[in-house]
Each structure stands twice: as structure tokens, then as C-alpha cells.
Amino acid sequence: MNSVTDTLLSKISDWKNGFKGAYNIREDGGCAGRQSSESIKIEPKYDKPGIIIRISAKAQQETVYIPACVTHSGVSDLVYNDFTVEDGADVIIIAGCGVHSDGEEEARHNGIHRFIIGKNARVVYKEKHIGTGNGTGARNIDPVTDITMDEDSYMEMDTMQIGGVTNTNRTTTAALAKGAKLIIRERLLTDGDETAKSDFTVSLDGEGSGVDLVSRSVAKGNSYQNYHSVIKGNCPCSGHSECDAILVGEGIVNAAPELYAGHIDASLIHEAAIGKIAGEQITKLCTLGLTEEEAEQKIIEGFLK
Amino acid sequence: MLELKDIHWKTPEDEEILKGINLTVPKGKLTVITGPNGGGKTSLAKIIAGLYTPSSGQIIFNNEDITGLSITARARNGIAYAFQQPVRFKGLTVRDLLELSAETALTEDKLCSMLSTVGLCAQEYIDRNVDASLSGGESKRIEIATVLNRKNAQVLVFDEPEAGIDLWSFSNLINAFEALKTDNERTLVIISHQERIMEIADYIAVVADGRVRSFGKCDEVLPGLLAEERCAFCPKGDLRKEEC
Numbered sequence: 001m002n003s004v005t006d007t008l009l010s011k012i013s014d015w016k017n018g019f020k021g022a023y024n025i026r027e028d029g030g031c032a033g034r035q036s037s038e039s040i041k042i043e044p045k046y047d048k049p050g051i052i053i054r055i056s057a058k059a060q061q062e063t064v065y066i067p068a069c070v071t072h073s074g075v076s077d078l079v080y081n082d083f084t085v086e087d088g089a090d091v092i093i094i095a096g097c098g099v100h101s102d103g104e105e106e107a108r109h110n111g112i113h114r115f116i117i118g119k120n121a122r123v124v125y126k127e128k129h130i131g132t133g134n135g136t137g138a139r140n141i142d143p144v145t146d147i148t149m150d151e152d153s154y155m156e157m158d159t160m161q162i163g164g165v166t167n168t169n170r171t172t173t174a175a176l177a178k179g180a181k182l183i184i185r186e187r188l189l190t191d192g193d194e195t196a197k198s199d200f201t202v203s204l205d206g207e208g209s210g211v212d213l214v215s216r217s218v219a220k221g222n223s224y225q226n227y228h229s230v231i232k233g234n235c236p237c238s239g240h241s242e243c244d245a246i247l248v249g250e251g252i253v254n255a256a257p258e259l260y261a262g263h264i265d266a267s268l269i270h271e272a273a274i275g276k277i278a279g280e281q282i283t284k285l286c287t288l289g290l291t292e293e294e295a296e297q298k299i300i301e302g303f304l305k
Numbered sequence: 001m002l003e004l005k006d007i008h009w010k011t012p013e014d015e016e017i018l019k020g021i022n023l024t025v026p027k028g029k030l031t032v033i034t035g036p037n038g039g040g041k042t043s044l045a046k047i048i049a050g051l052y053t054p055s056s057g058q059i060i061f062n063n064e065d066i067t068g069l070s071i072t073a074r075a076r077n078g079i080a081y082a083f084q085q086p087v088r089f090k091g092l093t094v095r096d097l098l099e100l101s102a103e104t105a106l107t108e109d110k111l112c113s114m115l116s117t118v119g120l121c122a123q124e125y126i127d128r129n130v131d132a133s134l135s136g137g138e139s140k141r142i143e144i145a146t147v148l149n150r151k152n153a154q155v156l157v158f159d160e161p162e163a164g165i166d167l168w169s170f171s172n173l174i175n176a177f178e179a180l181k182t183d184n185e186r187t188l189v190i191i192s193h194q195e196r197i198m199e200i201a202d203y204i205a206v207v208a209d210g211r212v213r214s215f216g217k218c219d220e221v222l223p224g225l226l227a228e229e230r231c232a233f234c235p236k237g238d239l240r241k242e243e244c
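Taken in order, these protein sequences are the chains called A and B. For the first sequence, the residue numbers in our numbering are 1 to 305. For the second sequence, the residue numbers in our numbering are 1 to 244.
Keep in mind the hints are simulated off the structure, nothing from the lab. Do not rely on the hints blindly, as some may be mistaken.
As the list claims (entries may be wrong) - Only pairs whose alpha carbons sit at most 25 Å apart, straight line, appear in this in silico SDA-like list of lysine to any residue:
no. : chain 1 : residue 1 : chain 2 : residue 2
1   : A       : Lys11     : B       : Asp96
2   : B       : Lys90     : A       : Ile183
3   : B       : Lys90     : A       : Gly29
4   : B       : Lys90     : A       : Asp212
5   : A       : Lys126    : B       : Gly91
6   : A       : Lys220    : A       : Asp191
This structure is a prediction, so every number in the text was calculated from the model and none was measured.
Pulled out of the complex, with its shape left as it was, chain A reads as follows:
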């Protein structure tokens, strides 16, 4: 793999000159390294670009790494990755994507991830996105995540865009069976003229299913973010969504959360707040010796932590 991939991997994953256990490293549309473990098998797809990650019930607290890197301008990578998680498996998936632009042409990665999560399985999915490089070409990442959760399964999805991505269009859909629980934590930072669109649709289809969706975003410079979420309560279930955004400079955020209660015992809550950093927060940190700029940075770091 090239040095840009090495740098990007260290920013988006636990990369330290290698991964332990199962992994697949995608670089500029090709495979830069792959390894299966006894309980996690990674196979290529033959009908389209991508891989199938088969996680057996033997996987218990096992980690698999699936990062993707685009290391120069003029690359448009599209990948379809399917994760099948057997009943009772317990797995940590470290995904993430780094896009580096060094020229005038666009560098792009579109990752389409599909999860089929079995009964009583537990999945922690972590995904960091970053754009780097001094090229004028756009650094674009458009992830699509589609989740199907069987009875009493559990998934934590922790996604973070930590800067430098020119445009992102994120789509997440999930369908939950009886007793399934989905926790989503999204953090987005945009600056300059960057744009971000994030769209969630979660269907609570089984009795006792639940989702907790929290999105925090910071729009700096002239950046623009569009957030839309729909939680559909189709049965006795619980759903909570919260979207908070901080505006800095001329940043703009459009948030449109939506709740649909299709059953009398669907309990759905939404909270939202958008605004600039409260003056008193800056003042408090100044009384601890920080400058206004340092205080603002600290508040943003904490908010997105």
C-alpha cells in the first residue's frame, strides 16, 4: 500500500503498521490487504465490487477492520460490502474512509454497506470519515448503510466525519424486529464551502424494539448541512432522536426530524437545538484562562467528542 493510505489509516482506524485479526484494506478501488480469522471470513464479490464479511457465532468481542482509502484525485471508488452476522455473534467493526485529493479532479468514495444481523447478535460499528490533501479537486464521500436487525439483536453505530470532506451524502436505513435495539451516534464537522446531507430512516417493526439516534454537528465557515431523520413506530416500541447543531461563522444547518407513530403504543420523542455557541460558555472558559478562540475550539471538540 502507498504512504497516503498508511497516513489515512492511522487517522480513521487503529492502524499501527498492521491489524490484528480479520481485515480488508481497500485502496483506490483495489484490495491492499485481506485476512480472515477463524470466526470472521472475508470473501470477494464477483458480481460487483466489494466483499462479503461473514461473522460466525464463534466471534465473541472480536474486531474486524474494513477501511477504505482513496489516495489521489481522479479516483471514483464504489464498493458494496455485505456484513452477515450470525445469531449470537458479538463483533466490533471498524470501518471508515479517508479520501485524499492532490489535484484538480475529484476524489470520491461511495461505500454501500448492508448489515444482516441475526438473533441476539451484538454489533458495534465505528466509522470515521476524513478528507486530506491540498488538491483543488473535491473530496467526496457518500456512504449508504442498510441495516436489518433480527429479534433481540443490538447494534451501536458510531459515525464521525472529522473534517476535510467537501461533500457528503449519507443515507442510513434500518429495520428492527422484536426486541432489537439500535443506538446511533453521528458527529459531523463541516467548514469552508463543504456540504453534508444526512438522512436516517428507522422502522421499528417488532414489539419492544427501540432506537436512540443522536446527531451532533458543527457547521463552520460557509458550510451547509441538511439533516433529516424519520423514526417509524409501527408497533409497541420506543424511539428517541436528538439533533443538535452549532453554527460558527456563516454556517447553515437545516434539520428536519420526523416521527411517525403507526401504533397506539409507539413512544417516540424528538429533541433538537441549533444555534451558535452560547456566549456564557465562552465566558466561562475564558475565566479559566482560555482565549475566546481556544474556548470555541474546546467547546466544539467536546460537542463532537
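Knowing the structure of chain A, use the given hints to seat chain B on it.
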């Protein structure tokens, strides 16, 4: 060491709140500023910390005129300020705030020591966000802890530290103030109406209607205040009962 000379301050609506405050805060001592509501005590505390800029007058600290210094510069010069209404943050934890205040990473033992002073158990609190999930009393105690443990603080200003905290924590707080007094290094300025805080003061200043109505050693001022308590806190700010 901290001297306020003829301090005037008006609200943005042009209402004059401070009308010529003259006060020398003795170094290494505990001075309580008390007086009726609306008399200008909180405004005065904010003037000291730099949150408000006086419309006229001078603030002298360690022989330097700090009237024009920013909040940050004053904090770095050794002035620490505890808000009457604690500020809440989404995403900053109790540990984050205490480490910012101490300007260093803190061990759990050290955090435990800091928080137990204000009646909180570190294990329950250090990783909690300083947000609306904390009660008013919990937030208040964390706010006080950030000031008690502020690095290089020479003057610690507390605005009504007793407000919103329970009796047991209040006793801890009194002990903490008394412990600070014994080192004779740090100067405490406490805005308070609380008799127990006034009892441990070295000096008491009564501020009413934007002026210092009286100032003196605790044993000189407090008996009169207690005897004429109702009058001391009357809207007129006059200490003499017969005139109230």
C-alpha cells in the same frame, strides 16, 4: 493587592448600577460582600473578573491597572471567578472542566480530592457531561470546584456559593473556605447573604444601591448587620433600622 477605585457601571439600558465603589480587598483574607438584592454585588464581582467593563474607575491588582484587561488576561493573572448560575456544556465532562481549570491532566485520586471538597463522589461524576443531566446543586458544586482548584489563582471570587446546595455540602464548603484562609496566600471574595459564611469572614463589605455602605473587620460589622438584619437587606439598602 486588589483595589477598586471609584467604580461606576451602567447596564446597556443606561441604568447605573455601581455608583462609585471604593474598596480595598485585603490580601490573603476572606472578604464577604453582602447587601440587599439589586444593590450591585454581582455586578461588582463581574467587574473584578472582567465580565463587565466599568464605565469609569480603576481596578488595581498587584499594583497593576487591570481595568482594561480581558477576562482571559485576568484569569491568567490570577483572578478566578465562580458563576452564580453555573454554565452547562454539552460534551464537556466534569474531568474536562477541572483539568482546564488546573491546566494539567489529573489523576483520579486528585479528582476525587477536588470533588469531595464540594461533597461529590468522583467516581460518579468525573465522566459525566456538565449539562442539563446534572441538578442545579450538582452543577453549582462543580462550578465551585473549578475555582477552588484554579491554577495559580490569587483572588477567588465566588458569587453566592451557597445558592442551591444542600446543608451537608454547604458545611464542606465552609470547611474548604476556612482551609483556604489558613494559608494566607489566596484572597477570597465571596458574595453572600449567608450568616455562616459571614461568620468566617475576615472582613465584610456591605454594598447597597451601588455603593459600599460599610466595610470593616467581621467582628465590627457583623453584629450590627445581624441586629439590624431586616434593615440591612431592605430595598433602600440602609443599615439603620429606624430609617427602614
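Hints versus structure:
Only pairs whose Cα atoms come within 25 Å are accepted, and A/Lys11 paired with B/Asp96 is accepted, the gap being roughly 23 Å. Distance restraint check for B/Lys90 and A/Ile183: the Cα-Cα separation of roughly 19 Å lies within the 25 Å cut-off, and the hinted pair is therefore satisfied. The suggested pairing of B/Lys90 with A/Gly29 is violated, with an alpha-carbon distance near 39 Å, which exceeds 25 Å. Between B/Lys90 and A/Asp212, the direct Cα distance comes to roughly 17 Å. Compliance with the 25 Å bound is thereby established for this hinted pair.
With a CA separation close to 19 Å, the supplied pair A/Lys126 and B/Gly91 stays within the 25 Å bound. With a C-alpha separation of about 4 Å, the suggested pair A/Lys220 and A/Asp191 falls inside the 25 Å cut-off, and the hint holds.
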